[in-house]
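Undergrad: Read off the chains here:
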Amino acid sequence: MAESTKPILEISELWVTFPAYGAEAIHALKGIDLRIDQGEFVGLVGESGSGKTTLARAVMGLVPPPGRVERGRVLFNGRDLSRLDDDARRAVLGRELAMVIANPRAELNPVIPVGRQISNVAYYHLGMGRAETDRLALNMLRAVGIPDPERRFNAYPHDLSGGMAQRVAIAMALICSPKLVISDDATSGLDVTVQAQVLDLLQRMVGEKGAAALFITRDIAITAHFCSRIAIIYAGEIVELAETAAFFERPAHPHSIMLLAAFSHSPALRARWTRVLSEGETATTGGCTFAPRCVRRQNRCVVEAPTLRHLTGGSWVRCHFPVESDTA
Amino acid sequence: MLLRYIARRILYVIPQLFGIILVSFLLVKLIPGDPAVMMLGPTASEQSLAALRDKMGYSKPLWQQFTYYIGAVVHGDLGSSWQTTRPVTEDLFQRFPATLELVTFGLLAAIAIGFPLGVAAARLQSGPVRKFAGYYGLLAGAMPDFWLALVLIYIFYTRLGWSAPPLGRIDMAVELPKTVTGSLVIDSLIVGDIDALSSSFRHLVLPVLTLGIVNAGPILKMTQTTVTRAFSSEFVRYAEMCGLPRRVVLRQAVRVALPAVVTIISVLYGFLIGGAVLVEIVFSWGGAGQYAVQGVLNADVNPVLGFVVFSAVLSLIIYLAVDLIYFALDPRTRG
Amino acid sequence: MSALLEVQNLVKLFPVSGSRKVVQAVNGVDFTINRGETLALVGESGSGKTTVGRAVVGLIEATAGEIWFDGKRMGRGRNIRSSDVRGRIQLVFQEPAESLDPRIRVGETLGEPLRYLGLSRADRDARVRDVVSRLGLADRVVDQFPLELSAGQQQRVGIGRAIVTKPELIVLDEPTSALDPTARAEIVDLLIRLQRDLGTAYLFISHDLSTVRFLSHRVAVFYLGMILEEAESEELFARPLHPYSASLLASVLLPDPKLKQAKPMMLEGEIPSPIDLPSGCPLAGRCPFADAQCHLALPPATAVGVTHYVRCYHHDRVAALDKTVDHFARLQADMNKLLSAGAS
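Protein chains in written order, with my numbering: chain A, 11 to 338; chain B, 825 to 1159; chain C, 9 to 352.
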């Protein structure tokens, strides 16, 4: 068994549930299967509430209680993080598996200088002395393109602009050279030009270290340019999984097409792919979760939930009637 | 820029003091009791009463009395107490160190008890420590300090004989150490006087314990609240995601929770300067609070007002110091 | 026909507390909006576009310059609260959840602006029902509270509250930034439909360039409080003439891997602080074409084509860059093809 072919992340049949008082439990994730190979860039796209962030947390073993992993496994580099004890998990997070967060100015510690925060990550993981980790942190500041890094080392998060804070977050994520970097909506809220710079930076630095990346986002356009594979998530399920080029050429799942249609300037064409939910309509148990909003639904969809299956083009789709290139 | 800030704050003390003295003056005038009657006794004649009132200036209109008083204060003259027959300033300088020693050590004890318990209560979800901290927070607020003082005296002095008698700050037989800071314990330490140190320490234990136990309550509750909140904030979640060790995350969270705790400590400090009077009385401490209460009971205006001035100045200085500590703790406040 | 809104040489300075410096938020902005048309103000944070929007509505007082609404001058006591202007200019905010009072039912929120126009209860209710149906919401929404609605629906209510007084001009300040892409598209559809039915003009402030291209007739590009380029929407996206516009457009990511922007024009660094702006062109510090002249004097607004203005000494060099492909148009063409197939 060649080491290089072992995936860095392997999610199998993952179910995450949040109990609700006096009501049925909410299944945030319903049987997620996802594999990321070493050095691969994968995009995960979904609307708010689709379960993207829960998936990120589950991968790190940090599902907030009372939520819990009900079934399934998350193997990171062969180890199940959710079954590790607290200390063992802390040794992995930030070192081999790192997350670049969405709103760094709110999530960085407000009373510690940013350089010291970057240095802390290295200090507690790499077993080096303070002076050395400080030097490493300074180099990272330079590498992520922060001007005047010596002075900025002592700056506080609220002193920095959104773009610079995001670069600091990237520095913190990459300083221990992790094998997998998860970006959780890391560029939402940034200006367009800053977003472009930050994404380029992330792509370059992660690629240089041969690490893999999982780009979680609401904005499907980002994945078109930075990912080799795309997964679309809806209501806790992966509904489509495909190579990027193939996906944008021939999206198969109606939800995927709906997401792309948002960029169209033709209301008529968009309306073709959007079904307005009628009063009180929700997914029937046993049927496809997307059926209420699906323009292609048939009787079979309401009764029988589709499974992920392989299409001739190479994509995986969870749909009874996916759009295939020749079928109408 | 920092110096300018400090200078500005010190300058603000003047109008603040003026306001405090004005309000206190008016309130003090409302104290029931005729000072002339108090001084001359109930059998004095109406004539002599009137003459005394005239002499003390009480027959003049209020605003005139006030102006006269302010003028005197500016010169450092707080009038005299007719009870002690000495200038108030002298009396206060003699008594304030006692109060400060008691209150400072008492507050330190309260912090030592309340803060760790508060952190533990915030971190532990269940268990005996958490339960204990919960009850303690409730009871401490309900406990009268003089009652606790009497209980402690009964246990530790009357029954066990461990502590010194509740009669002042030091055994009467022991010679006082040279005055450096005004605190007997510290001065004995500095001078190296073992006898004085041992005696003053033994006298200090019970009153400090009393104040400590009672005032640890609010510190505990505040610490518990802010540390709990700090732990559910986003930066703690992020620190966990970076895999920082548990104790480091705890330290960081506590650090961010500190400013609120510092605030409540400073408020307590300002309050205790006058609020420790009951403990002072029970232990015959000879402090300034006791002095001021005597003034109220005797309708002796000058000690009361003098005490107000002193403690107001002290409080304002404490608040300034706390604000500076805030700046050091939380860079967001530096603007 | 006179323009509906005319802004001339608008300047807004904010004092910085604790010092004598000022934040030069808006530095001499001119533009016009005609009835029933949409002008978009695009730019990044710190560009001053939000401040301009607030000044037009009268939420803040301009430091200098003039704003003319329907031929009459605004300011000096004449603002959106004046009786002859009331209800004719409205504002839609960015965060729908924050701009709706969570304790008041939707119906009441929608009817509130009408109370100050003196309509009777019956008239108000009728208007509210009319607005709700225009918004594409169910009737029962009137009795619901804002938090019971999705973000997209909340923003519709925000728009509804703006149109209920039948305004002639609506200022929309980043109305779609907080929404998912699908909700965003629905809101844009709604805005277009409303403009067609009611003839309202829009001042659309946004950094979402894709939406801007779709929704606007004209676009003005803002940087550090100044308009650097202004043109008709399609013209600007196809042929940007200012280095900043070109760079901005090149940064937009479109959902098509083949349309990777060639990036002939990327600016270094980040937008500088609007305190103590140097003289000359505000972009001079970051622009690859900048020379001594650019640092010295602000370029005047030059007319290039009938309705295309640009403030740059070197716009011909930008035009000469190989950017003959309008990626946005290409995307639409591909989209049309993709979406036409396959629906049942």
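A portion of the hints provided could be inaccurate.
[Stated by the list, open to error] Taking lysine to aspartate or glutamate pairs in the EDC-like style, the calculated list, with each CA pair at most 20 Å apart, reads:
1) A:LYS189 <-> B:GLU1058
2) C:LYS266 <-> A:GLU259
3) A:LYS219 <-> A:GLU50
4) C:LYS345 <-> A:ASP210
5) C:LYS345 <-> A:GLU334
6) C:LYS268 <-> A:ASP210
7) C:LYS29 <-> C:ASP284
8) C:LYS268 <-> A:ASP169
9) C:LYS345 <-> A:GLU259
10) C:LYS268 <-> A:GLU334
11) A:LYS189 <-> A:ASP210
12) C:LYS266 <-> A:ASP169
13) C:LYS29 <-> A:ASP195
[Said to hold, decoys possible] Just a few of them, taken from the derived set where beta-carbon distance is under 10 Å, the chain A residues facing chain B:
14) ARG105
15) ASN130
16) LEU146
Hints were generated in silico from the structure; no laboratory data involved. Beta carbons are placed, not taken as given, at the ideal position from N, Cα and C, and that holds for glycine.
Undergrad: Each hint needs a verdict: does it hold in this structure or not?
TA: To see whether the hints hold, each was checked on the structure:
1. A:LYS189 <-> B:GLU1058: violated (24 Å)
2. C:LYS266 <-> A:GLU259: holds (10 Å)
3. A:LYS219 <-> A:GLU50: Holds - the C-alpha atoms of A:GLU50 and A:LYS219 are around 12 Å apart, at most 20 Å.
4. C:LYS345 <-> A:ASP210: violated (30 Å)
5. C:LYS345 <-> A:GLU334: holds (14 Å)
6. C:LYS268 <-> A:ASP210: holds (13 Å)
7. C:LYS29 <-> C:ASP284: holds (7 Å)
8. C:LYS268 <-> A:ASP169: Violated - the C-alpha atoms of A:ASP169 and C:LYS268 are around 34 Å apart, more than 20 Å.
9. C:LYS345 <-> A:GLU259: Between C:LYS345 and A:GLU259 the Cα gap is close to 11 Å, so the pair holds against 20 Å.
10. C:LYS268 <-> A:GLU334: Status violated; Cα separation ~25 Å.
11. A:LYS189 <-> A:ASP210: holds (18 Å)
12. C:LYS266 <-> A:ASP169: violated (39 Å)
13. C:LYS29 <-> A:ASP195: violated (36 Å)
14. ARG105: Where the cut-off is 10 Å and the nearest Cβ of chain B is about 6 Å from A:ARG105, the hint holds.
15. ASN130: For A:ASN130, the interface hint holds, since the closest Cβ of chain B sits about 7 Å away, which is under 10 Å.
16. LEU146: Hint violated; A:LEU146 Cβ to chain B Cβ min 15 Å, cut 10 Å.
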